[in-house]
Each structure stands twice: as C-alpha cells, then as structure tokens.
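**Q** Produce the entire structure from the sequences given, and follow the hints as far as they go.
2 protein chains.
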Amino acid sequence: MITLSKLEQVQEWTATHQADLAYISDPRTIQYLTGFYSDPIERVLALVVFADQDPFMFAPALEVEAIKETGFKFPVYGYLDHEDPWQLIATQVKTRVANPKQIVLEKNQLTVDRLEQLKRVLPTTSFDKDITPYINQLRVIKTPDEIEKLNIAGKWADFAFEKGFAAVKAGRSEQQVVAELQYALMKEGIMQMSFDTLVQAGAHAAEPHGATNATKFKQNELILFDLGTIWDGYISDASRTVALGTPTAKQREIYDVCLEAQLTAQSAAKPGMTAAELDQVARSIIDKAGYGEYFIHRLGHGMGMSEHEFPSIMAGNEMVLQPGMCFSIEPGIYIPGVAGVRIEDCVHITDSGCEPFTHTSKELTYVG
Amino acid sequence: MITLSKLEQVQEWTATHQADLAYISDPRTIQYLTGFYSDPIERVLALVVFADQDPFMFAPALEVEAIKETGFKFPVYGYLDHEDPWQLIATQVKTRVANPKQIVLEKNQLTVDRLEQLKRVLPTTSFDKDITPYINQLRVIKTPDEIEKLNIAGKWADFAFEKGFAAVKAGRSEQQVVAELQYALMKEGIMQMSFDTLVQAGAHAAEPHGATNATKFKQNELILFDLGTIWDGYISDASRTVALGTPTAKQREIYDVCLEAQLTAQSAAKPGMTAAELDQVARSIIDKAGYGEYFIHRLGHGMGMSEHEFPSIMAGNEMVLQPGMCFSIEPGIYIPGVAGVRIEDCVHITDSGCEPFTHTSKELTYVG
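Line by line, the protein sequences give chains A and B. According to the numbering used here, the first sequence is numbered sequentially starting from 489. According to the numbering used here, the second sequence is numbered sequentially starting from 489.
Source of the hints: derived by calculation from the structure; they are not laboratory data. Among these hints, one or two may not hold up.
Same chains, same label: a pair holds when it works inside one copy or across any pair of copies.
What the hints assert, rightly or not - In the DSS-like style, the derived pairs of lysine-lysine whose C-alpha atoms are separated by at most 27 Å in a straight line are:
#1 K776 / K738
#2 K850 / K776
#3 K651 / K704
#4 K704 / K556
The structure presented is a predicted model; accordingly, all values stated were derived computationally and were not measured.
**A** Okay, structure coming up:
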C-alpha cells in the first residue's frame, strides 16, 4: 500500500472534486501540509495545490529563504511590499493552467476582500467550493508523530504546574506566579505559551474568560491555573484548581463535583461514542449536583496545532469519536463571588479509550 | 462644537452611506470602538451599529459579563455553544429593522464562510459595501489619549532593552536573554509582548523573519533585538543592534549606514510628505552606500493597537503623513553569513515633525 503524504491527499481531493487547484491560505493548514509556519497578517502567504501537477508556495520575499530551509521541494515565489501579490499569483497559476475553471478555497480563513482580489485577477474562475471540511477531517485524526509532539508539550505543561504551584504564597499576586512559571519554562528553552497563562484567585476565578491580574492570594481560597506550552508547533492545554489553606465547605463541594465530572468523562471517552454523548456524561453529573447553571461552556474543544480545532465536545455535535482525535475534557463550575473551579486534561482517543497528555494530579492539591 | 464618540462616528458613516447597519467583527475594531477586547476565534463576536438607533453587542455567553464590566451601556446578547449564533443575530437585527436592505461589513476581517452564514439568515439583504477603509481612516489618526498609551508602552520597551542588554554574555543563548528581559517585565506586571521577542546573534540576525533560538553569543559579533510590550491595549515595537566585543570593519560599516538611514528618516518625517517619500529618504542612503539589495522590506508599518496598521511606509504609498499618524522607521541591512542590522523607533507625527515612543540610544552600544 502506498501511503500518500498529507499534501498528496489534498491534491487527490482537489482532483476528485473537479477543481483545477486548491488555494490554501490558513497558516496552520500550510504548516500542517508543509512544516512551514508563519502568520504574515496583512501580507499574503499561500500554498497552491494543483490537481495534476506540482504545487507552489507564494510568500512575502523575506519568508522565502525560511520556507526553502524547511525542505519544501517545490517552487517558492516571493513578492516585495510594493508589488501586487494577486497579479503575481494569477500569473503563476496561468503558467500552469491557462484558464482555471474551479479554484477551491479555505472559506473559514479567507477574508471577503481577499476573495474579491482573487476574482479580480481570475475573473472567469468559479470559487464556490470550500475545502475547509476536508482539511478539518484530515486534521482531526492525529498521526503517531503528532501524538508524540502533543505528549512532549503536555510534559512541559506538567512542569509549568509544578513551578507555578511552588510559587504560590499568600500576599503574592497572580501575575507574579505567572512570571515565575513562564521564566522557569523559558530557562528550559520553552519560549511560547499556547495562550495567555491564566492564574486566578478566589472569586476572580469565577470569571471563566477573565485575565490574570494583580489580585493577591489570600489564605483559604481556591486558585485556578489554565496554561499550555508549544512544542514543535503542537500545543498543550490543561487546567488545575488548587487550594491555598483550607477551602470552605462550599468550595470543597464544587471541587469534588467538578472532579467527579472530569474523571467520569475521561474514563468514559472512547471510540464510537459521539461528542455530544461525552459532553452529557460530565454535564449530567454537574446538573444532578445542582450546579448545572454554573457550567456555562462546552465540555471541551479539539486541539493539536491550536486549541481551536475539531472535534468540539458539546451538545448537538454528533461527530463520532475515533482513534487519533484529540480534545480537552474540562468541566467548570463558576459561582460568582464564591469560586471558579475548572479541571482539564487534553486527551487522544485510543483503540479502547483515551490517554491524557498531562499527568499532574487532579486530587485537590494544597499549595503555599 | 459637539465631539462625536468613535462609535457615533461609525453610526454617522453608516447612515450617510445608506446602510441600515454596520456589522463590525474585527476584535481590534470592537476594542477601538468600545474598549472591550477578546478574540473569540471560532466563536462569534460582533458589534452591530445601526444607522438610526442604539447598537448592540453579540458575544459568546461567557464573555457577556466582561463586556458589561467595561461600561458598554447598550444591550449585550450572549449565545451558548450549541446555539446558532447567526439566527440569533438575525433575530435581534429584525427586531430593530424588519427588512434590512444594506449591511456594511469589515471585508478585511470577515471570512467567506461567515458572509455565507449572514446571507443564509438575511437572504434579502445586500452585503456589498465595505466599511474597512473608513475604519482604517478613523484608526490611522491617534488621539492624545492613544499617544499617551503608546508612550507608556514605549517606556516599557526601553526598560526591556536595558534588561536585555545587561543579560548578554558570551556563551549565553538568545533564548536565555529573552527569558531574562521578559521575566523582568513580568515582575513589573507587564505580561504580554506585542509579538515574539527577537534576539538574534551574528549571522543568525541576517534572517530578518527568523526566530530566537538556542544560538549562543560569541565574542565580536552584532546582536539584534526587536521587541515590544502591550500597555492597556496599545503596543510598542522597537529594534536595536548592539555589539558584543568588537565588530569587524564590515559590520561596523553596515551599522553606520543603517543608523544614518534611520536618523535621517526620523529627522525628515513630518506632515505633508508622503509615506513613499519617507521610505525613499532612508532607502536612498542605503542604496548609495551599496547595500540596497540587502534592505529587503519596507521602511515601516503603522502601529497602535497592533503592529499591522496604516500607514505602510513604502514605495508606491502616496498617503500623506498627518499629525497623529503612528508608524515604525526601521531600515535593515541583512547580509547572509555576515550580520543583520536593524534600528527601529516607532514615532507619531506632530505638527512640525515626529516624536519617538522609545528613547534607548541608537549609537552603537557595547554589551557583555
């Protein structure tokens, strides 16, 4: 059996969908297919995959060398800031396909004005088809090589928890603890977090999308950590809630409910069940305990090269879990004025269940 | 004279352009108009500005409280992950305008699939007009309040240079220096850089879009720093190239050429000249010295809430500089195998010239 590379699979899909070429513009997709990552923001970066000939890349001039260094073996064309990138792309396309009838797009990434630019330079081409669902389907099943990178990113998240927990002391601030754990990571050469590290103390943690600030830790409260690192383009993402001193009975209760929901869902996750069913496993435990109204987000999100991938673990998503799918399991209970608790591992589905990327204890940990 | 708020100016523009409402979706524009910032990635965040009635915001449920806390005095509607955000938006729109004829979009931010969703729920509405040029025009002139924030962000960049230069020693790595300067910032509560800090040593710096890595400093080489911080939503961005030991004559020469280009351009920048003219001031100096082929990017980019704003300081841009415009002046000379030199301040145009946000000396500084 010949195994097609990811790039060849995109080429094959393009051919079987009667398109002349696929215009790939999402920096993460380009990274996934070629190993090269850069987000050029307002500049133009594209991987152009033809149905029946070699692809090319198009990039800002100052990225061309870096692309070649990643081992991309096909042509790379650069453009300077004062040039019209769209005309240059059209010229390269027409050199290969004189009159392209159908170009498929990543409609979830391409902006409306860029589509208008493509239509301007290729006025007789149809741009109706979307390759996004196929790219998502390709990306949702991680290869063993990808799982290995996610495991390493997970180990660095465990390292960060250890350093962060050790830095907590009454009177210190959330920001000081983030400073200590990120400094410890940077000294080890881990320079990038996958998102802004969250350390939130006491009632501040009841704001699930709030930010770390100068709030100082007080004795006898819960502290929420949510963090992740990047390893070779792959991320980790995990949450733990720890206790400084002795939590109140109420805080302890919501911790225990949240933990039961997390552990039960993580034990239940396996191939063949749907994302919605898994969400319900955790949600029903929190509902039964009377805290359903405080669990105001989905159970989890897909992850891999970012924390915004498929599958989304939520009500209504009938996607069937399969080996190689990676996602978070992160129930949370946020009671304004009382506490916020979230406990999260990201996992990958195996043949019979799931395995987490992070291994920091989920039993209530006392710090300070 | 009544001064309109930024939000009122958008409302007025919408009214004068015969549109029923503007669908504002760029998180940075929403921040600019309301003070609230969040990038919800795959979730939906929108500010809906009507021509003749009050606006509303639409956001993921878990962002609603944070929006209200910023003082937004109009309705905020949240949605849960399993709900259809587009139907909910359409319902709120139709409550106010039963049959909207024209909705203006931010075409440089809205993706093709999201436009298709809007067309699905509002099938009789036209979405042809783009408000992006107006938003850019509004954002390109910074207010005194914005300049003040940019000055503070600039002071923290100066602080970071000081800590970074002090951390350089032969045998240490680029990453270790980044760790030290970012740790120093975080201890002061400055948690976010405006982009990944760049410290590049020797020949590594000749790759202008390369990344900081484990390269160790050697005696007698140049080291390039490019960094910036975020202060209250506004960024800084500055570059300095410093010497560890004694640079070679060649390295010293390209430093001096780059410095002359930078200082001359910064002295020349003033209202009434075009962006292209300013680019040419710096470029002609580097060209005359024989290094034109190694200056492979525009002279500068606009900045404010990000380092990707207008005006772009480059050939072909006939935009006339006006008081309140903010941009970088950053000539660079990158000679493969020899060195990379870049010297950059961001400035704002004043009535008679320009003022920089950063003040770290640009004379060649010796470190280590």
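**Q** Against each hint, give a clear statement of whether it holds in the structure.
**A** Status of the hints after comparison with the structure:
1. K776 / K738: within (16 Å within a copy, 74 Å between copies)
2. K850 / K776: within (21 Å within a copy, 65 Å between copies)
3. K651 / K704: Result: close both inside a copy and across copies, 18 Å intra and 26 Å inter.
4. K704 / K556: Cα proximity of K704 and K556: across copies only (24 Å, versus 49 Å in one copy).
In terms of the numbered hints stated before, the structure departs from none.
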